[in-house]
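Asker: Just so you know, the protein sequences line up as chains A and B, in that order. First residue of the first sequence: 39, per our numbering; consecutive thereafter. First residue of the second sequence: 39, per our numbering; consecutive thereafter.
Simulated from the structure, these hints should not be mistaken for laboratory data. There could be a bad hint or two in this list.
[What the hints assert, rightly or not] Pulled a few chain A residues facing chain B out of the computed Cβ check, cut under 10 Å: (1) Ser282; (2) Asp290; (3) Ala310; (4) Phe320; (5) Leu350.
[Stated by the list, open to error] So these bits of chain A aren't anywhere near chain B, every CB distance computed over 12 Å: (6) Glu67; (7) Asn72; (8) Gly107; (9) Ala110; (10) Lys153; (11) Arg234; (12) Glu361; (13) Val363; (14) Tyr390; (15) Pro403; (16) Glu418.
[Said to hold, decoys possible] The following residues of chain B were derived to be distant from chain A, with all beta-carbon distances above 12 Å: (17) Ala110; (18) Thr225; (19) Ile307.
Just so you know, even glycine gets a beta-carbon here, dropped at the ideal spot from N, CA and C.
Number of protein chains: 2
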Amino acid sequence: MISEQMAELTRSGSAIRAMFEEGGRLAAEFGRENVYDFSLGNPSFPPPDAVRRAIGDVLNGAESSYAHGYMANAGFPAVRDAVARHLNALHGTSFTSGNIIMSAGAAGGLNVVLKTLLNPGDEVIAISPYFVEYGNYVSNYGGKLVVVPANRANFQPDPAKLAAAVTPATKAVILNSPNNPTGVIYTADTIAALSRALEKRQAELGISVYVLSDEPYRELVYDGSEVPYITKYYRNTIVCYSWSKSLSLPGDRIGYVVIPDEIDDYPLIFDAACIATRILGFVNAPSLTQLAVARCLNEKTDIEAYGENRRLLCDGLKSAGFEYVLPQGAFYMWVTAPNGDDAAFAAAAKKYNILVVPGASFACPGYARIAYCVSRDVIERSLPAFEKLASELGLRKD
Amino acid sequence: MISEQMAELTRSGSAIRAMFEEGGRLAAEFGRENVYDFSLGNPSFPPPDAVRRAIGDVLNGAESSYAHGYMANAGFPAVRDAVARHLNALHGTSFTSGNIIMSAGAAGGLNVVLKTLLNPGDEVIAISPYFVEYGNYVSNYGGKLVVVPANRANFQPDPAKLAAAVTPATKAVILNSPNNPTGVIYTADTIAALSRALEKRQAELGISVYVLSDEPYRELVYDGSEVPYITKYYRNTIVCYSWSKSLSLPGDRIGYVVIPDEIDDYPLIFDAACIATRILGFVNAPSLTQLAVARCLNEKTDIEAYGENRRLLCDGLKSAGFEYVLPQGAFYMWVTAPNGDDAAFAAAAKKYNILVVPGASFACPGYARIAYCVSRDVIERSLPAFEKLASELGLRKD
Numbered sequence: 039m040i041s042e043q044m045a046e047l048t049r050s051g052s053a054i055r056a057m058f059e060e061g062g063r064l065a066a067e068f069g070r071e072n073v074y075d076f077s078l079g080n081p082s083f084p085p086p087d088a089v090r091r092a093i094g095d096v097l098n099g100a101e102s103s104y105a106h107g108y109m110a111n112a113g114f115p116a117v118r119d120a121v122a123r124h125l126n127a128l129h130g131t132s133f134t135s136g137n138i139i140m141s142a143g144a145a146g147g148l149n150v151v152l153k154t155l156l157n158p159g160d161e162v163i164a165i166s167p168y169f170v171e172y173g174n175y176v177s178n179y180g181g182k183l184v185v186v187p188a189n190r191a192n193f194q195p196d197p198a199k200l201a202a203a204v205t206p207a208t209k210a211v212i213l214n215s216p217n218n219p220t221g222v223i224y225t226a227d228t229i230a231a232l233s234r235a236l237e238k239r240q241a242e243l244g245i246s247v248y249v250l251s252d253e254p255y256r257e258l259v260y261d262g263s264e265v266p267y268i269t270k271y272y273r274n275t276i277v278c279y280s281w282s283k284s285l286s287l288p289g290d291r292i293g294y295v296v297i298p299d300e301i302d303d304y305p306l307i308f309d310a311a312c313i314a315t316r317i318l319g320f321v322n323a324p325s326l327t328q329l330a331v332a333r334c335l336n337e338k339t340d341i342e343a344y345g346e347n348r349r350l351l352c353d354g355l356k357s358a359g360f361e362y363v364l365p366q367g368a369f370y371m372w373v374t375a376p377n378g379d380d381a382a383f384a385a386a387a388k389k390y391n392i393l394v395v396p397g398a399s400f401a402c403p404g405y406a407r408i409a410y411c412v413s414r415d416v417i418e419r420s421l422p423a424f425e426k427l428a429s430e431l432g433l434r435k436d
Numbered sequence: 039m040i041s042e043q044m045a046e047l048t049r050s051g052s053a054i055r056a057m058f059e060e061g062g063r064l065a066a067e068f069g070r071e072n073v074y075d076f077s078l079g080n081p082s083f084p085p086p087d088a089v090r091r092a093i094g095d096v097l098n099g100a101e102s103s104y105a106h107g108y109m110a111n112a113g114f115p116a117v118r119d120a121v122a123r124h125l126n127a128l129h130g131t132s133f134t135s136g137n138i139i140m141s142a143g144a145a146g147g148l149n150v151v152l153k154t155l156l157n158p159g160d161e162v163i164a165i166s167p168y169f170v171e172y173g174n175y176v177s178n179y180g181g182k183l184v185v186v187p188a189n190r191a192n193f194q195p196d197p198a199k200l201a202a203a204v205t206p207a208t209k210a211v212i213l214n215s216p217n218n219p220t221g222v223i224y225t226a227d228t229i230a231a232l233s234r235a236l237e238k239r240q241a242e243l244g245i246s247v248y249v250l251s252d253e254p255y256r257e258l259v260y261d262g263s264e265v266p267y268i269t270k271y272y273r274n275t276i277v278c279y280s281w282s283k284s285l286s287l288p289g290d291r292i293g294y295v296v297i298p299d300e301i302d303d304y305p306l307i308f309d310a311a312c313i314a315t316r317i318l319g320f321v322n323a324p325s326l327t328q329l330a331v332a333r334c335l336n337e338k339t340d341i342e343a344y345g346e347n348r349r350l351l352c353d354g355l356k357s358a359g360f361e362y363v364l365p366q367g368a369f370y371m372w373v374t375a376p377n378g379d380d381a382a383f384a385a386a387a388k389k390y391n392i393l394v395v396p397g398a399s400f401a402c403p404g405y406a407r408i409a410y411c412v413s414r415d416v417i418e419r420s421l422p423a424f425e426k427l428a429s430e431l432g433l434r435k436d
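In isolation and in its complexed conformation, chain A is listed as follows (with noise of 0.2 Å):
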């Protein structure tokens, strides 16, 4: 009796909550001190001391009045315009408020992109491997989702590919960098040849492609990766950003849209997305987060722990024998599935109170994620384990 979809979605379960369960049961049964959950992105450690003091400082200050009100679907314009303020010193652009919509995370901003932008039919390419929740996005809008898979020497982007999947259906793009699941940042250079396939495609169809820049993992860079931004390369970007990881924030779901002024179609785009924004029933971004984040912009969560984690993790892993794709930014790790068999692999490493997600629930089967955002604890107490798994699976040691 209920919707088809939904109905569907309860069937096929999601293959990480399934792990978040499986976590749970092996805890019980073992302890938790002696199971190695890295199935799930949920940030270990709080936000930094900034947050928690703005919030204060917002419910006790002259904020207070309007701290819990309604305002503009938009947001708060004096938070907007510090947003945009804060990109331009960043990134050299010219944003005003009026680019800047508040959002629910990068999750609530891109249902909202999606929603303006998508009829029936309408395709959504996105690069595998991909955040599987990109699929259910687009098919809330009746969209069709394209795979076209990374490169996998690398898992950077391939041009080509990317332009041949274009049709006079194609509506966006979905690229992710720092990317979830590989950890790999899409360099400048490829940046710029996806945007020059793009614009061939764009100008040869006469249609307008959207690149969706989904960037929740920004800020998590390593060894001093640049993580180039897109609308200085691309002329129709769309940017989903998120405090969730950089802020340790994901439960609050606060993060920002920014629709440049560039854009086809702006500024019908952006009342659009307004609008969207209030009959999806987000309404607004919630209101004291809006303020408190204003507070924090030039805040970060401790990157130098998860760089910790990385150097732990990636010297463990190469010494047990197993091949990944070393970490530039997000705190996820690829992981080579040996034989090629992910599905087995995460079966294996169970065995070994070990919890990994299979590249299958990212369309790309042959590897799992690790999520190094644990303490530092659960990776060092970690690697005897996975020395033993590596054994079990019979790979060669350095």
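Based on the hints, put chain B in the right spot on chain A.
Answerer: Just chain B, lined up with the frame of chain A:
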């Protein structure tokens, strides 16, 4: 190029939003103190002090480690359990955390439930006058809104008319009591008669028709009026609640959905609603605010202050010669447009810097809504302007 639904919405705009902008324009021209803006349901009173204390306690207490983190999409189990126990104490129900999903207000909850229930072409019945967003919420999921007028004598729904509107395509009926825009509370007799009529139609047609009880105004009642709890009258009831008005937290986006065990297709609907919360991009209701409201379940905004506004406005408008429905709940007054022309009434009111929303915005021309969730001062200063307006309109004084 963009979504046709959204492009149409940008063209048609929102009459309430237009009023809001007109209020800003008038305030700039005549001074904020000389404009009487009754257009928006935005509570003017701050949240109870207990809310601020609760947020501070969560930030500084044992809960701080997870106050900003992910949890199950349905919300923190302890929060859901507290909500269930609170409802049981109030209404003699037997809910558990397994019946509660925390939501981004009632707007978020309604979207989650409609996403869960509707297949394209399904019909959802609303009683006019109704909150205009219902039409957008329903069409978000391909549904068709079917409008059944309330009884014009008392603005109670008419059970016979409702029964006649139920077809094999009917999936849900939205009820909203205390009602926006009329301020009417649906009586126990009305609810009982509606329930009998719907049970009969369900049986005749062999379908499940869910009542979605939209309850943001449940706590805002005057003269000790009772608001019947609809799950106790009609088995297939789903409740969408919000703390936006009862705790003056509209910007924070916090509420819950009640999905009782007894409804047809529980637990499929519960599971699907959790997934809908995730894939629509809400992911979960804002985490810090979940924990805070769970500590304030017995707190309420200053209902006496709304009651005083109501008294002043009723006395003033009666004395000026206006006809209206005496509000039993919410903070809206439903005024008969002289000569039945609500557009002309709103236009005439604007000449005296009084902003009201024409009934056409609620699918009920011939009336206008006055939102009296303003400061008492605004009411007092507006009364001479209402007198002048009545004079211009030729209303006979008492």
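Asker: Does each hint fit the structure? Answer for all of them.
Answerer: Going down the list of hints, with the structure as the test:
Evaluation of the Ser282/A hint against chain B yields a held restraint, the C-beta minimum of about 9 Å falling below 10 Å. A hinted interface residue such as Asp290/A counts as satisfied when its beta carbon comes closer than 10 Å to some beta carbon of chain B; here the least separation is about 5 Å, so the hint holds. The closest approach between the C-beta of Ala310/A and any C-beta of chain B is roughly 4 Å, which is under the 10 Å cut-off, so the hint is satisfied. Hint on Phe320/A holds. Least Cβ distance to chain B is approximately 6 Å, under the 10 Å limit.
The interface hint given for Leu350/A is broken, as the beta carbon of that residue sits about 23 Å from the closest beta carbon of chain B, more than 10 Å. Every beta carbon of chain B lies more than 12 Å from that of Glu67/A, the smallest distance being close to 20 Å; the non-interface claim holds. Even its closest Cβ contact with chain B, about 21 Å, leaves Asn72/A beyond 12 Å, as expected for a residue assigned away from the interface. Annotated as non-interface, Gly107/A brings its C-beta within 12 Å of a C-beta of chain B; the closest such distance is 5 Å.
Against chain B, the non-interface label of Ala110/A is violated: not every CB pair exceeds 12 Å, the least being about 9 Å. Annotated as non-interface, Lys153/A brings its C-beta within 12 Å of a C-beta of chain B; the closest such distance is 7 Å. Its beta-carbon lying about 22 Å from the closest one in chain B, Arg234/A satisfies the requirement of being farther than 12 Å from that chain. With a least beta-carbon separation of about 30 Å from chain B, Glu361/A lies farther than 12 Å from that chain, consistent with its non-interface assignment.
For Val363/A, the requirement that its beta carbon stay farther than 12 Å from each beta carbon of chain B is met, with the minimum near 25 Å. Once the 12 Å rule is applied to beta carbons, Tyr390/A is consistent with being away from chain B; the minimum gap is 25 Å. Interface exclusion of Pro403/A from chain B stands, the closest Cβ pair being 23 Å apart, more than 12 Å. No beta-carbon of chain B is positioned within 12 Å of the beta-carbon of Glu418/A; the least distance is around 21 Å.
Look at Ala110/B: its CB is around 9 Å from the nearest CB on chain A, not clear of 12 Å, so calling it non-interface is violated. With a least CB separation of 29 Å from chain A, Thr225/B remains clear of the 12 Å interface cut-off, as annotated. Listed as outside the interface, Ile307/B is inconsistent with that label: its C-beta sits roughly 6 Å from the nearest C-beta of chain A, within the 12 Å cut-off.
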